[in-house]
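K.L.:
Chains as they are written, first to last, in numbering that gives the first Met the number 0: chain F, 0 to 258; chain W, 0 to 152.
Calculated directly from the structure, the hints in this document are not laboratory data.
Ideal Cβ placement from N, Cα and C applies to all residues, glycine included.
Label pairs and their in silico Cβ distance ranges: (1) R231(F) <-> F24(W): 49 to 57 Å; (2) H99(F) <-> P127(W): 30 to 38 Å; (3) C166(F) <-> Q2(W): 53 to 61 Å; (4) K220(F) <-> G77(W): 29 to 37 Å; (5) M1(F) <-> F17(W): 13 to 21 Å.
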Amino acid sequence: MMNRRDFLEQSGKFLLLTGAAALAWDSVLAGQPEQAPNYRMTDHWWAMFIDVEVCIGCGNCVRACKTENDVPAGPAYFRTWVERYHIPKKPLDPLDAEDHPTVDSPNGGYDGFPERYEEGDAGKSFFVPKLCNHCAHSPCVQVCPVGATFESPDGVVLVDKSYCLGCRYCVQACPYGCRYIDPRTNTVDKCNLCYHRITKGLTTACCESCPTGARRLGDLKNPQDPIHELLRLHKVQVLKPQMATGAKVYYNGLDGAVR
Amino acid sequence: MRQTFKDAEHLLRFAGLFAVGIAAFFALRAAFIPKGFGELGHYRAGALEDNRQRLPRFAGAAACGDCHDDVRQTLRTGKHAGVHCEACHGPLAPHAADPIATAAKRPDPLSLCPVCHQKNVARPAAFPQVDAAEHAGGSSCTECHVAHNPGLE
Numbered sequence: 000m001m002n003r004r005d006f007l008e009q010s011g012k013f014l015l016l017t018g019a020a021a022l023a024w025d026s027v028l029a030g031q032p033e034q035a036p037n038y039r040m041t042d043h044w045w046a047m048f049i050d051v052e053v054c055i056g057c058g059n060c061v062r063a064c065k066t067e068n069d070v071p072a073g074p075a076y077f078r079t080w081v082e083r084y085h086i087p088k089k090p091l092d093p094l095d096a097e098d099h100p101t102v103d104s105p106n107g108g109y110d111g112f113p114e115r116y117e118e119g120d121a122g123k124s125f126f127v128p129k130l131c132n133h134c135a136h137s138p139c140v141q142v143c144p145v146g147a148t149f150e151s152p153d154g155v156v157l158v159d160k161s162y163c164l165g166c167r168y169c170v171q172a173c174p175y176g177c178r179y180i181d182p183r184t185n186t187v188d189k190c191n192l193c194y195h196r197i198t199k200g201l202t203t204a205c206c207e208s209c210p211t212g213a214r215r216l217g218d219l220k221n222p223q224d225p226i227h228e229l230l231r232l233h234k235v236q237v238l239k240p241q242m243a244t245g246a247k248v249y250y251n252g253l254d255g256a257v258r
Numbered sequence: 000m001r002q003t004f005k006d007a008e009h010l011l012r013f014a015g016l017f018a019v020g021i022a023a024f025f026a027l028r029a030a031f032i033p034k035g036f037g038e039l040g041h042y043r044a045g046a047l048e049d050n051r052q053r054l055p056r057f058a059g060a061a062a063c064g065d066c067h068d069d070v071r072q073t074l075r076t077g078k079h080a081g082v083h084c085e086a087c088h089g090p091l092a093p094h095a096a097d098p099i100a101t102a103a104k105r106p107d108p109l110s111l112c113p114v115c116h117q118k119n120v121a122r123p124a125a126f127p128q129v130d131a132a133e134h135a136g137g138s139s140c141t142e143c144h145v146a147h148n149p150g151l152e
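Bound-form chain W, shown alone (with noise of 0.2 Å):
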């Protein structure tokens, strides 16, 4: 070894300045490299736990009928039995979650028919639709329609 390495210091000095740099890139990638980048792709892992970190505000369809079963009932067999609770009523996990602190509001069936059922030429001829205004002369949609089984008229 030692005949191999005889005056050849200047290039010891160079691999010593090399190894120093490539130790200090080391370094440096560890400091500034988040934790996870890099174990599932090219991205930090964590995001991934990140993206799951936010509350519903909708509870979903099946948490309401574990209460209000004489609804789902009513619905399964009616024309409204595919649109699920919170399509109407809006978004109710805080009232799934503890409903005596958190009351639902019953929807004005005036303001809320019509978003579907407004006649308009783009919508499905065989979707049912009415001029909302025409149709009752501004009488409220409940007085003739059952909201959840609403009949063919």
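In isolation and in its complexed conformation, chain F is listed as follows (with noise of 0.2 Å):
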């Protein structure tokens, strides 16, 4: 057995060397400088708040996101994409196949919405723009087995792309379906609020492009902030509340057809 002053010898040496090793974990810690000169990250959280009863499908938003974030042409790829719902009158007969609501997104809005409905016919009918909800909770962040898509410390959910392998499962684990897989790199791709925009003091490129002011980006550490005034002046909800992802898009006017 060990006798007492060995015993204090080896524990005196352990306790040093683990004093020593925290002291060099802070110093690497404390010694991460600040990328963007003026924006420090703690400072925001980011949030977007997006109102049904004034989109009107014009498709800027799809066409600005694609333009600014390089995303690929074609159907299968889109950052932001806007979902017409149609939802039509109550008929007589419940049972009639014809009442269910539909949804389209001709190549994610980016044409417009080509007019599929009569006047007379439509019950209610809307546009929702969708994309990425950078939830809180992510399921997302969640599953990746690398640790290649995180929540920045201001709210932003990011992609490493040097780090993804392609996996594919958190485009499968997204709720909200806003994941892709760019066929260029085979990594995932997603909004990442255009995050080299919002960390400059820009708007999005989808918020810079809305002409009625549908969509407006938000950050709620900011009290001065529009956002906070527009979640209290509407009623808002978020896509699929009962997944409780925390998600940070807010919406105004969600009917509770749209999924």
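Quick one: dock chain against chain with the hints and give me the complex.
P.N.:
Okay, here's the thing in structure tokens:
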């Protein structure tokens, strides 16, 4: 058995080493410089407000996003897209098969929405723009096997393209279907809230090009941000609240038929 | 100490193997885990900077008013006050950076205006919309409307 002197000797050495390691770790963390000189991540918590009652389905946001972020052309690749919901007038016979809502999103709304419905027959008809919801408790972040997708300290769910394996687990896990595989790199891509713009004080490309103000970027940590007023004055909902994802895209006027 | 470790060389060899294994583990870990991983969370901290590496293609409405203040004043009082410049004029970051070298193109009204104002059942009823083909019999929108300050006609 070890005697007391040896025990003290061994434990002393151990403690010294752990203490030194702890100090070294602290210096590593402290030494991480802020990359964008005036932008401090901890000062921001990004969200978005979308007003379904105002969206006109022009498709500006879809085109702007594809242009700004070099998204591949074609109907399978979108960082943001617009859906048109059409809910016919309730028929007298509740078993009538015509009763169900229909959704369409021709090329994601990139070329607008050609008229499909007669003026008289619409019970309700509206557009719903969709994008990554930058969930606070994101399922995609949870399932990534390597840590290639993550939530930044300012609330944006980002993808590390150099680290992504292309396993597609996150594509499957996202309840909103907002992730896709970029065919050029075989890695995952999705809306990153135009991180290269918002960290410089610009707004996202989709909000910039929205003519009606249906889409508005918001910084929840900024007390002067208009999003606080919008959230207070409107009855807001998130998509799929039952999934408890902590989604940060808030919709005004979201109908129950929207999935 | 010597008394404790008498007849225990086999244990020492075993401990030595473990020590080598653990050292090898930490060495490989240091080699394979990329720099910055784990600093801010379970991800590579450098990815934040990677996501910032893109040149904006849209300059933002604030940039346009610096030179085009007259248009900004016209817009301010009209129905298009909330419409940002690039919503109609397209991405203009190169033009904002160097206005002489990169000219901006004036959009064609008949191709542009119906994108928003074409009659569509799914659009809010209060939103001004017309059937572009019938509304003006094929003449250009700007023959009657001032694009930056469209009147109520």
